[in-house]
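Protein chains: 4
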Amino acid sequence: MNAELLGNDGPGQKKSGPVGVAVIGCGYWGPNLIRNFSTCEATRVLAVCDRDRRRLQGVSASCPQAQFTENFDDILKNPKIDAVAIATPVSTHAALSLAAMEAGKDVLVEKPLADNIRDAERLVSRARELGRILMVDHTYVYSPAIRKIKELVDSGNLGEIYYIDSVRINLGQFQSDINVLWDLAPHDLSIVDYLLGRLPRSLAAMGISHTTSDLEDVAYLNLDFGRSLMATFHVNWLSPVKLRHTIIGASSRSLIFNDLNHAEPIKIYDSGIQIDASSEVRYGILVSYRTGDVWSPNVPREEPLQNVVRHFADCIQTGKPPLTDGEAGLRIVRILEAAQRSIKAQGGRITL
Amino acid sequence: MNAELLGNDGPGQKKSGPVGVAVIGCGYWGPNLIRNFSTCEATRVLAVCDRDRRRLQGVSASCPQAQFTENFDDILKNPKIDAVAIATPVSTHAALSLAAMEAGKDVLVEKPLADNIRDAERLVSRARELGRILMVDHTYVYSPAIRKIKELVDSGNLGEIYYIDSVRINLGQFQSDINVLWDLAPHDLSIVDYLLGRLPRSLAAMGISHTTSDLEDVAYLNLDFGRSLMATFHVNWLSPVKLRHTIIGASSRSLIFNDLNHAEPIKIYDSGIQIDASSEVRYGILVSYRTGDVWSPNVPREEPLQNVVRHFADCIQTGKPPLTDGEAGLRIVRILEAAQRSIKAQGGRITL
Amino acid sequence: MNAELLGNDGPGQKKSGPVGVAVIGCGYWGPNLIRNFSTCEATRVLAVCDRDRRRLQGVSASCPQAQFTENFDDILKNPKIDAVAIATPVSTHAALSLAAMEAGKDVLVEKPLADNIRDAERLVSRARELGRILMVDHTYVYSPAIRKIKELVDSGNLGEIYYIDSVRINLGQFQSDINVLWDLAPHDLSIVDYLLGRLPRSLAAMGISHTTSDLEDVAYLNLDFGRSLMATFHVNWLSPVKLRHTIIGASSRSLIFNDLNHAEPIKIYDSGIQIDASSEVRYGILVSYRTGDVWSPNVPREEPLQNVVRHFADCIQTGKPPLTDGEAGLRIVRILEAAQRSIKAQGGRITL
Amino acid sequence: MNAELLGNDGPGQKKSGPVGVAVIGCGYWGPNLIRNFSTCEATRVLAVCDRDRRRLQGVSASCPQAQFTENFDDILKNPKIDAVAIATPVSTHAALSLAAMEAGKDVLVEKPLADNIRDAERLVSRARELGRILMVDHTYVYSPAIRKIKELVDSGNLGEIYYIDSVRINLGQFQSDINVLWDLAPHDLSIVDYLLGRLPRSLAAMGISHTTSDLEDVAYLNLDFGRSLMATFHVNWLSPVKLRHTIIGASSRSLIFNDLNHAEPIKIYDSGIQIDASSEVRYGILVSYRTGDVWSPNVPREEPLQNVVRHFADCIQTGKPPLTDGEAGLRIVRILEAAQRSIKAQGGRITL
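Residue numbers (our numbering), protein chains in the order written: chain R, 1 to 352; chain W, 1 to 352; chain Y, 1 to 352; chain X, 1 to 352.
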């Protein structure tokens, strides 16, 4: 298919007017995408596609003017559709994204970008060759809380980061095709990727399954970023309580992001340890403590997904690369694939 | 030295009247032992020993009638002293305990029993040969909350245990001779040992140090009890907040022990997953959820350490073996020593 | 107007088929009504009325098939409309409800029923004369949590109720026509009315205003139900934190309803006091304490407003009286009007 | 008795060397006083007095060198005793304090100063005449948290105070001689007295008793400080949960003091309302909201009672008047006595 013939703008061209969008997949996340594209003034939902007719009916009231189809080809052939948002099972991300880009569409794809490194790499390189926008929906990166934390980290306010400890557990929605690590860890991995901007040196993952599917429902992932920094993730579908928090321990101040505390999602602790490097004390304590104020910055109440769709539209209209582009998505897939090998080897450490 | 000559009761003999106790070490924990032995009607604090004269002065008001000495031999030679409670640095536990048992004293020693397996094994075998009481102060085992949890586990109320996740973190008291794992994990390991009553098959530990001492201040320990059960521990001296909780996920009910929630330390969640083992659903969810009541049993307000000293006195007076005997202490040391090797090998898995 | 001529069912007649509903007022609550009537299979939103055209446009996407009008007469004259739901400012409730009933429509009106007793009484008597359903949207009465609490109270599980203490505070939506008592207290008053089913003997209200409007923004209301039972309410638009909880202290067990704790909204405390009535101890304690388990019953996740609209439809279709009928609405207005007089008299006690 | 003859320093004279103290009453609070006077380097516990011999025995270990007596005259006659600390039932405060002052002793008395205004006034005037220190143990005034709050209020950081709402409830220690208001409210009244430094214009109190004693076990107290400021207190011996918090709502920032949150006892909310005084909007909102950061200042971990005894010793040694002198104690008694009349008149408002 030739993008020009299909009426789409050429690669790298700026797009004027609202972006015509098709949403692919109407399961858990698709309706959220439809709602946000509908309320964004820079986008219009022109079509919705799902293999399940009942799902299409379920969302029809929310965008009555759109085209509803069970056939993805209808989307590819529709020249008014500038971009597709893909919210289908992970195993289908690569094929659908690729087909959409080949058809001249820009692509927003749910996390994780793909279920293996090879496919993720191909998506990245093909997007570059075709000059298409390939954006991964790492939603947290667009949340006001994570934006604020990024500011704090980059400003040096926290000092040197010592460790990151993240817990994302609840009595959860079991997935039938991916384990808890592929389901939940991309959230936290994308946050850490955004904050640190680099891959870990090595990792190890441990997990356990309690179903016949052999898909782990409780898992731990440990990332080694060099001797001074370790990040650890606990993800769990079997927890009786819902917890979503991340501790960022650092030299000057420490920070806790609690995604369930809507009033005070971020707390910054002006406390820490003073390490007396010159100390030669043989018996005794080499470090001292400092306790200080706690500060909770005001975080605006914005819907992160609205920021996602706006950024996607903005990238399409201006040609600028997305903050969470294919490269960012690929980094997460690299970690997940290595973690998958580690978890099947009882936590054997994998060097990236 | 001959225990008989020194006036102590022979091995296995019942002791009548209050037990004469010497407390060795007046650092952080010693004063708590003195206070509890003083208020227990079955024991009397006859002597206190510490190498630091100022520490002795610091506790003199709390047991004015006792003998205060910087010389451990004074304790060994005192025939009125039936038992010693050792609250000194870990590296000295073995030598002091051994000397005390050889001198005919029964021994209560702080956790961990020793800083290596060989010493711990020697203490266990020597206690058996000499017929002395060797009890390890695994304090949590004597807390009303853990007793209640043990009851719940043993009664089958929770069903099959799926995982244990324990967090014990705070801005902590750095130790100059042991890392955070040796310092904090014995608490949680002794709880798990008490609840499960068996050693794990294998373990892996990961940690990181931010001081020149190379002693890890943030660490994770993962115990594998066979395919169906994993226990994971997060211990941390660098956390801006204090957390002390353990999740016990199980098939029928799950339980959370929050040691900082004095009003409701135990919560039992009558929720879980129903795993449909016969399911052949290809796409879809194989498990379903059940949410239910939450129940917080009343836990009596007893000081665990008072239960420890009473149990110690009771064992001495009746000759019965302590609940947390040398064998229990040895199991914890086995785990710690293996964890130490693992942590220095970047989390390499050790089979026990 | 003659209801028969207008095509409505006669008084007390059962209505078959979905109930045709008009929603009057599209401010804060109207859109919620539209959404719930739209998703309820027993009702259809046939029309929406608001004086402000922009508000009508704002909700048009949510029920595209409905009639939108700025003229209430269009509603009254439309024979397909069986019932109206009135979500306009309080001062208009009486006139709109009356007109609707006279036009043969059944009425669901937002709380409070009216802004004065006389109007409320007239609505009740006119509804009786016309045989129309007059239901007040005391939403909490239809919430699963309050239903569960009602069960517990009625079953005698709590014993004799000693006091009720309710806190509903936040940095709030100032109202320009009513004070914080009229705005927030109806929620709690309707809960207490539902649980106890009787009017208090007397009341006193205290409040304070910090704006030029003289409308109180912080207020306390105290209801006296006889010597053994007192209910107190704190409502506040100036609180830096949001709190929504009610303590029900009772002789056998006490209960706390925390509307912000979604995981455990109800907690039942099996603790209390034993009052030794025969005691003649002069110096000493006449009562003893009992601490016990805490239990949090599972509460289904239902939207209370969905239950409201279903109950409304059910009453229309079967002719049965609503649980929160005009009489219930009138009881709340009696309390509010008396409280209004008390608050302007610095808390002078008013006997009802 | 002549103070000079008894060997005490004359009125207003500075006292050199440690202050010799007698503690009167060894019930709930007395042992805390003994412990704090014992560890304060500026004071020595020379004697302890209680009518109950068993209580004296109970505290003998904590100050073995002191004189123990059941006879208060022994205290009065002992010339080495410079000062007495009175922790007896409220009804005895006046007589004991007066006798001690007449005998030349300085006095620290538990709150409330007396159980009626007349006695409290007499204590204040007699202390002035005799030149004795009369200090009331309003412990909270000496806590680091309340000190910090006082700083914030005085600095104008909060702006104009709009309201104070205080909750002090728990399943409590019933008193046999005073109701819950006299038992618990002095804490909060002394805090408000310290922060505002003035008496309210009027007050009203409501309460209820569930025992035969007619002593209220649930009570509310409302203080009117003029049109712009109201303070309300909820005290309760029948609450299933323990709550201790005070909201201070103000124009620029609001503050919450939670005495049970040891990690973050004070939270300052940089949020509020902007009142548009010039607004002539008829229908609409006259005020707008501002949400902002939350800040929790570090509060040193000091024992307030240690600060109390040090301040008492300092006043005795330097002759300076105590921060919580008889006048402060009298203000609290004035409020309590008026509240007592109001509570017996179903909340009738009393002008002070």
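Read the hints as simulated data drawn from the structure, not as lab findings.
One thing to keep in mind: the hints can contain errors.
Since the list gives no way to pick out one identical chain from another, each pair is judged satisfied if it fits inside one copy or across any two copies.
As the list claims (entries may be wrong) - Calculated lysine to aspartate or glutamate pairs in the DMTMM-like style (CA-CA distance at most 20 Å, straight line): (1) Lys242 - Asp293; (2) Lys150 - Glu302; (3) Lys148 - Glu160; (4) Lys242 - Asp259; (5) Lys242 - Glu121; (6) Lys344 - Glu151; (7) Lys150 - Asp270; (8) Lys80 - Asp214; (9) Lys77 - Asp314; (10) Lys148 - Asp293; (11) Lys148 - Asp270.
Now the hints, each set against the structure:
Within a single copy, Lys242 and Asp293 get their C-alpha atoms only as close as 28 Å, which misses the 20 Å cut-off; across copies the closest is 15 Å, which meets it. Taking the shortest alpha-carbon separations for Lys150 and Glu302, only the intra-copy value of 16 Å comes in at or below 20 Å, while the best inter-copy value is 36 Å. Taking identical chains as interchangeable, the C-alpha atoms of Lys148 and Glu160 lie at most 20 Å apart only when both belong to the same chain, with a minimum of 17 Å there against 31 Å between chains. When the C-alpha separation of Lys242 and Asp259 is checked against a cutoff of 20 Å, the pair qualifies both within a copy, at 10 Å, and between copies, at 17 Å.
Taking the shortest alpha-carbon separations for Lys242 and Glu121, neither the intra-copy value of 34 Å nor the inter-copy value of 42 Å comes in at or below 20 Å. Proximity of Lys344 to Glu151 under the C-alpha cut-off of 20 Å is found in neither arrangement, the shortest distances being 37 Å within a copy and 35 Å between copies. In the homo-oligomer, the alpha carbons of Lys150 and Asp270 lie at most 20 Å apart inside one protomer (17 Å), although the nearest pairing across protomers, at 22 Å, exceeds that limit. Taking the closest pair of Cα atoms, Lys80 and Asp214 never come within 20 Å of each other, the shortest separation being 44 Å inside a single copy and 57 Å across copies.
Taking the closest pair of Cα atoms, Lys77 and Asp314 never come within 20 Å of each other, the shortest separation being 24 Å inside a single copy and 49 Å across copies. Taking the shortest alpha-carbon separations for Lys148 and Asp293, both the intra-copy value of 19 Å and the inter-copy value of 12 Å come in at or below 20 Å. In this homomeric assembly, Lys148 and Asp270 come within 20 Å of each other (Cα to Cα) both inside a single copy, at 17 Å, and across copies, at 17 Å.
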